[in-house]
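S.K.: Construct all of the structure, not just a fragment, from the sequences and the given hints.
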Amino acid sequence: DAGVIQSPRHEVTEMGQEVTLRCKPISGHNSLFWYRQTMMRGLELLIYFNNNVPIDDSGMPEDRFSAKMPNASFSTLKIQPSEPRDSAVYFCASIQGQNNEKLFFGSGTQLSVL
Amino acid sequence: QQPVQSPQAVILREGEDAVINCSSSKALYSVHWYRQKHGEAPVFLMILLKGGEQKGHEKISASFNEKKQQSSLYLTASQLSYSGTYFCGTVSSGSARQLTFGSGTQLTVLP
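Chains as they are written, first to last, in the working numbering: chain A, 61 to 174; chain B, 21 to 131.
Honestly, the hints are just simulated from the structure, not real lab data.
Mixed in with the good hints, there may be bad ones.
[To be verified] Okay, derived cross-link-like pairs now, SDA-like style, lysine to any residue, Cα gap no bigger than 25 angstroms in a straight line:
{"id": "1", "chain 1": "A", "residue 1": "162", "chain 2": "B", "residue 2": "41"}
{"id": "2", "chain 1": "A", "residue 1": "162", "chain 2": "A", "residue 2": "149"}
{"id": "3", "chain 1": "A", "residue 1": "128", "chain 2": "B", "residue 2": "118"}
{"id": "4", "chain 1": "A", "residue 1": "162", "chain 2": "B", "residue 2": "35"}
{"id": "5", "chain 1": "A", "residue 1": "162", "chain 2": "B", "residue 2": "49"}
{"id": "6", "chain 1": "B", "residue 1": "57", "chain 2": "A", "residue 2": "167"}
{"id": "7", "chain 1": "A", "residue 1": "162", "chain 2": "B", "residue 2": "24"}
{"id": "8", "chain 1": "B", "residue 1": "57", "chain 2": "A", "residue 2": "172"}
{"id": "9", "chain 1": "B", "residue 1": "57", "chain 2": "A", "residue 2": "147"}
{"id": "10", "chain 1": "B", "residue 1": "57", "chain 2": "A", "residue 2": "65"}
{"id": "11", "chain 1": "B", "residue 1": "57", "chain 2": "A", "residue 2": "104"}
{"id": "12", "chain 1": "A", "residue 1": "162", "chain 2": "B", "residue 2": "79"}
{"id": "13", "chain 1": "A", "residue 1": "138", "chain 2": "B", "residue 2": "59"}
{"id": "14", "chain 1": "A", "residue 1": "162", "chain 2": "B", "residue 2": "21"}
M.R.: This is the structure in structure tokens:
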């Protein structure tokens with residue numbers, strides 16, 4: 061199995077530009093999570109989907125952030141417009157089954173907004 | 021609400037032991053432990069379910085006291101490869117799959 065696949069690995073953009081991060085979960089996993097990691101705030105849960113449906117997006121910082129999961133094998137996290145404070149590593153992770161299953165993380169996207 | 025981890029950082033010599041603690045203000049369904057190396061994604065270590073169980077993997081073990089809403093990770097006879105940041109993640113009872121991570125404990129093992 062290829063694991064959780066994220067793209068791009070690195071993204072450098074200018075303030076005000078739109079940024080789209082992509083994630084392909086492990087086949088058969090029915091829950092997908094987006095996390096943001098910074099030195100100051102650690103690993104923050106932004107949103108999670110179960111069976112492609114957004115269950116909790118209370119961690120999404122602002123309306124500038126949006127996430128979609130059009131099918132079981134693909135999800136996007138979009139930031140529009142981007143700001144320097146959005147600079148962070150964004151991880152996607154997927155899980156199969158119930159709460160007592162381990163989370164499989166993608167390699168992350170290092171986002172730098174100049 | 022984010023679980024609280026302590027200590028924030030630990031430095032020890034190869035072969036020494038360490039304990040990392042994790043506590044929550046909410047009733048917990050499960051506690052997860054992950055380790056992250058610099059520049060890499062977090063990697064799963066173990067999950068503990070409510071019921072006060074204790075688990076182990078080689079020389080790394082953990083306990084979960086659901087009454088106190090606390091978990092501890094024990095690293096015995098540490099190896100250089102144990103260096104990294106350890107995160108506890110908690111799933112609160114009733115929160116359905118929402119894994120919230122603590123701020124992490126940076127562990128450095130010196131030769």
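S.K.: Each hint: holds or not?
M.R.: Structure-based check of each hint:
1. Annotation: proposed proximity of residue 162(A) to residue 41(B) holds, straight-line Cα distance about 20 angstroms (limit 25 angstroms).
2. The straight-line distance between the Cα atoms of residue 162(A) and residue 149(A) is roughly 20 angstroms, inside the 25 angstroms bound, and the hint therefore holds.
3. A C-alpha spacing of about 18 angstroms is found between residue 128(A) and residue 118(B), which places the hinted pair at or below 25 angstroms, so the restraint holds.
4. A distance of roughly 28 angstroms separates the Cα atoms of residue 162(A) and residue 35(B); the hinted pair therefore is violated under the 25 angstroms criterion.
5. For the hint pairing residue 162(A) with residue 49(B), the CA-to-CA distance comes to about 14 angstroms; that is within 25 angstroms, so the pair holds.
6. A C-alpha spacing of about 12 angstroms is found between residue 57(B) and residue 167(A), which places the hinted pair at or below 25 angstroms, so the restraint holds.
7. Straight-line distance between C-alpha atoms of residue 162(A) and residue 24(B) comes to about 20 angstroms, which keeps the hinted pair within the 25 angstroms bound.
8. Taken as a hint, the residue 57(B) and residue 172(A) pair is honoured in the structure, with Cα atoms around 20 angstroms apart against an allowance of 25 angstroms.
9. With a CA separation close to 20 angstroms, the supplied pair residue 57(B) and residue 147(A) stays within the 25 angstroms bound.
10. Taken as a hint, the residue 57(B) and residue 65(A) pair is honoured in the structure, with Cα atoms around 18 angstroms apart against an allowance of 25 angstroms.
11. As the CA atoms of residue 57(B) and residue 104(A) are separated by approximately 18 angstroms, the hinted pair is consistent with the 25 angstroms bound.
12. Pair hint residue 162(A) plus residue 79(B) holds up; C-alpha atoms about 20 angstroms apart against a cutoff of 25 angstroms.
13. In summary, the hint linking residue 138(A) to residue 59(B) is supported, as the alpha carbons are separated by about 23 angstroms, within the 25 angstroms threshold.
14. The suggested pairing of residue 162(A) with residue 21(B) holds, with an alpha-carbon distance near 20 angstroms, which does not exceed 25 angstroms.
Hint 4 from the list above is the single one not met by this structure.
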